[in-house]
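Q: Following the hints, put chain B in place on chain A, whose structure we already have.
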Amino acid sequence: MISSQNDALNTENREQMSGSKPLKRRTLLKTLVGIPVLGVFALELIRKFNYDQDKKNRIIKELGLDNIKVPEIIKSSHGSKSDLIRVGMIGFGNRASALASALGFMHPDEVESRSKEDSMKDWLAQEDLNVAITGICDVFDLHAEYGLTTARNTVRPGGAEPTTLPIKSYRTYQEMLEDKDIDAVMIATPDHHHAPMSIAAALAGKHVYCEKAPVHKENEINTLYETIRNSKIIYQLGHQITQSVIFQQARDIVAKDIIGKITLVETSTNRNTADGAWIRHLDSNGNPKPGDEKTIDWNQFLGNAPKVPFSIERYYSWTKYFDYDTGLLGQLFSHEYDSVNQLLHIGIPKSVVSSGGIYYWKDGRDMADTLQCTFEYPVRDLTLLYSACLANSQTRGRSFMGHDATMVLGDSINITVDGDSTKYKEQIKAGLMDPSTPMVSFNPNAGSIDAVSSATEKYYASRGLTTTNINGVNVDVTYLHVREWLDCIRSGKTPTVNIEKAYEEAVTIIMAHKSYVEKRRVEWDPIRKVIV
Amino acid sequence: MVAMKQITNYSRPERWILAVLRIIIGWHILYEGFSKLLVPNWSSASFLLESKWILKGFAEWIMSNPAVLSTVDFLNIWGLIAIGIGLILGLFTRAAAISGAILLLLYYLSNPPLIGLEYSLPTEGNYLIVSKTLIEVVALVVLAVFPTGLIAGLDIYLAKVWNRNKNKMEG
Numbered sequence: 028m029i030s031s032q033n034d035a036l037n038t039e040n041r042e043q044m045s046g047s048k049p050l051k052r053r054t055l056l057k058t059l060v061g062i063p064v065l066g067v068f069a070l071e072l073i074r075k076f077n078y079d080q081d082k083k084n085r086i087i088k089e090l091g092l093d094n095i096k097v098p099e100i101i102k103s104s105h106g107s108k109s110d111l112i113r114v115g116m117i118g119f120g121n122r123a124s125a126l127a128s129a130l131g132f133m134h135p136d137e138v139e140s141r142s143k144e145d146s147m148k149d150w151l152a153q154e155d156l157n158v159a160i161t162g163i164c165d166v167f168d169l170h171a172e173y174g175l176t177t178a179r180n181t182v183r184p185g186g187a188e189p190t191t192l193p194i195k196s197y198r199t200y201q202e203m204l205e206d207k208d209i210d211a212v213m214i215a216t217p218d219h220h221h222a223p224m225s226i227a228a229a230l231a232g233k234h235v236y237c238e239k240a241p242v243h244k245e246n247e248i249n250t251l252y253e254t255i256r257n258s259k260i261i262y263q264l265g266h267q268i269t270q271s272v273i274f275q276q277a278r279d280i281v282a283k284d285i286i287g288k289i290t291l292v293e294t295s296t297n298r299n300t301a302d303g304a305w306i307r308h309l310d311s312n313g314n315p316k317p318g319d320e321k322t323i324d325w326n327q328f329l330g331n332a333p334k335v336p337f338s339i340e341r342y343y344s345w346t347k348y349f350d351y352d353t354g355l356l357g358q359l360f361s362h363e364y365d366s367v368n369q370l371l372h373i374g375i376p377k378s379v380v381s382s383g384g385i386y387y388w389k390d391g392r393d394m395a396d397t398l399q400c401t402f403e404y405p406v407r408d409l410t411l412l413y414s415a416c417l418a419n420s421q422t423r424g425r426s427f428m429g430h431d432a433t434m435v436l437g438d439s440i441n442i443t444v445d446g447d448s449t450k451y452k453e454q455i456k457a458g459l460m461d462p463s464t465p466m467v468s469f470n471p472n473a474g475s476i477d478a479v480s481s482a483t484e485k486y487y488a489s490r491g492l493t494t495t496n497i498n499g500v501n502v503d504v505t506y507l508h509v510r511e512w513l514d515c516i517r518s519g520k521t522p523t524v525n526i527e528k529a530y531e532e533a534v535t536i537i538m539a540h541k542s543y544v545e546k547r548r549v550e551w552d553p554i555r556k557v558i559v
Numbered sequence: 033m034v035a036m037k038q039i040t041n042y043s044r045p046e047r048w049i050l051a052v053l054r055i056i057i058g059w060h061i062l063y064e065g066f067s068k069l070l071v072p073n074w075s076s077a078s079f080l081l082e083s084k085w086i087l088k089g090f091a092e093w094i095m096s097n098p099a100v101l102s103t104v105d106f107l108n109i110w111g112l113i114a115i116g117i118g119l120i121l122g123l124f125t126r127a128a129a130i131s132g133a134i135l136l137l138l139y140y141l142s143n144p145p146l147i148g149l150e151y152s153l154p155t156e157g158n159y160l161i162v163s164k165t166l167i168e169v170v171a172l173v174v175l176a177v178f179p180t181g182l183i184a185g186l187d188i189y190l191a192k193v194w195n196r197n198k199n200k201m202e203g
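Top line first, the protein sequences correspond to chains A and B.
Here the working numbering is used: position 235 in the first sequence is 262, and no number is missing along the way.
Here the working numbering is used: position 72 in the second sequence is 104, and no number is missing along the way.
If we strip away everything but chain A, and leave its shape as in the complex, we get (with noise of 0.2 Å):
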């Protein structure tokens, strides 16, 4: 390279770079121009580098957050050989794929499709939860075929061994309860079997993880709680959201009140396409899904429903219809709720309004398609907001409203101070706070806090692209949420959504529902464990 620029030179340069004499002073100086620039640099750069820590740590130490802990993601969960559970998995739809999933079974089709995308490598470094599916119970043929299938797979996370058990299909779940091979059950079936579900696995010692929402009715409020509570299984409601390193954080920040005195919680749902809509049961050509009246069993399906003919619609698209479910409040809401609730333990609300209607998807749905309610905490002095919208899907984070700042949390957390705090007035004037950007950024795969960082990486957090595979670790929360409920059955330990916070919710839930349907305010009287 040297020699081909040396080429260009004409002869009279090439003497003085011929070697013959030594580099005059002025040719010196030209050679070591770069050094001086070079130390100018280091300078500046050791200036700006002392700035930004500075200013990161005087921003950590004014909110106290130098001492926070920052999780471990993994943690080991113990279980010998023979502390095997026995799982029978009532309802085999997508929701239990994922559950197996989280155990540590997958179907040979997943496996496949997966492994294309390459994207199986953080599901097989899974660890062993030591648990073998050896029941399913679905009312349609095919899923259950599916769960089999998916229960005999021979692929399996984290070095364990496929199942040797015999894996059984049961007719009903009252056939696999009965089963004393089996030792746990998860219900990942419409809501209004929920309940009916949880008390009779109770009630035959079986521990129960329930997919949300906890109950349908108001009637099986009282019965499901007091059941629970009497006998000595472990329930976990299936609300996975908690697990997740940035909510560890977001206790944290709460029990330093950074934020002030929080008056205002908004929630939203914000879905727009007819998937989100929950119409579900048309394939990608629009014709419909496999089912008829010889595969499904239609009665069974039903339960405590009203007896009405089969209808494929129903079957698939079932939160589209009050029989079987309370809507957006027992689909989405109920994931808000209970992460609200397990920062800021608010539990049951005085008096809820609900009000919205069906104004988009119009295609003879109960559900309402939009959706508003508020939750009245006075004791708190504490508004609940639930804003539901499924034909716009501009994102409405959940946030937090304190009279010092604002945090959000979603799939990171950010927190604002706000213009006219108390607190952090002083600051503010200073210029060590800034009202228009975050001035903290929890990026759950950053292992630090990360306080005044680039335009760019505030920007990343706030919508939660940061959450890829950075170091090579990427932990599915229900695996997290799932592996908890296992560790309490052997530990004897309670769940993070115990009977206790699922009551809570259960009530705020039918609250919320009661008060749409009846179109009124609606309270809860303590004393009598009764909505009025």
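One or more of the hints may lead you astray.
[Unchecked claim] Mimicking PhoX-like on lysine-lysine, the simulated pairs with C-alpha atoms at most 25 Å apart in a straight line are:
hint	chain 1	residue 1	chain 2	residue 2
1	A	456	A	88
2	A	283	A	450
3	A	75	B	68
4	A	259	A	556
5	A	377	A	244
6	B	88	B	164
7	B	84	A	143
8	A	82	B	68
9	B	200	A	51
10	A	148	B	88
11	B	164	A	75
12	B	84	B	164
Simulated from the structure, these hints should not be mistaken for lab results.
A: Below, chain B alone, put in the same frame as chain A:
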């Protein structure tokens, strides 16, 4: 000085401004490298995630494989730092300019401001096909074409050593 004047047929200000161009681009690239080095757990993943157009598949492949991703991160950071130092010092200038141009061209091709490609990350200016990255690529090509290391830089010394050895071998 008399000798240097005739490296090219250009005047002294013309040659010096080329050297200044090289040094400020070197400064920029060096700081880009350091700013990534100083962010704990910095990763190119967030940038690659935005990749559109012809390098999209390549970017997805990098992200799908943690080992490849960390290698790319490492090469990015230390590549930028090495190129920056090379350009500032005028050391292996042409190699630094060419590798810098290739690296920046990869950045450009990952997120080119073409009509119809939408990015979630806002840009700090307004671009149509030509962006600042592309201008910097071309500027580096200019620097690769002109021997600015021999105008001002450690390459003068390297050339001297090179020629001394060459003369010895021939002599």
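Q: Determine for every hint whether it applies to the structure shown.
A: Hint by hint, here is what the structure shows:
1. A:456 to A:88: Within the cut-off at roughly 17 Å; holds.
2. A:283 to A:450: Answer holds: residue 283 of chain A to residue 450 of chain A is near 13 Å, not above 25 Å.
3. A:75 to B:68: Roughly 14 Å between the alpha carbons, so the hint for residue 75 of chain A and residue 68 of chain B holds.
4. A:259 to A:556: With a Cα-Cα distance of about 23 Å, the restraint between residue 259 of chain A and residue 556 of chain A holds, given a limit of 25 Å.
5. A:377 to A:244: holds, 19 Å
6. B:88 to B:164: holds, 21 Å
7. B:84 to A:143: Cα-Cα ~21 Å, so holds.
8. A:82 to B:68: holds, 19 Å
9. B:200 to A:51: holds, 21 Å
10. A:148 to B:88: Measuring from Cα to Cα gives roughly 21 Å; hence the hint holds.
11. B:164 to A:75: holds, 24 Å
12. B:84 to B:164: holds, 18 Å
No hint from the list above goes unmet by this structure.
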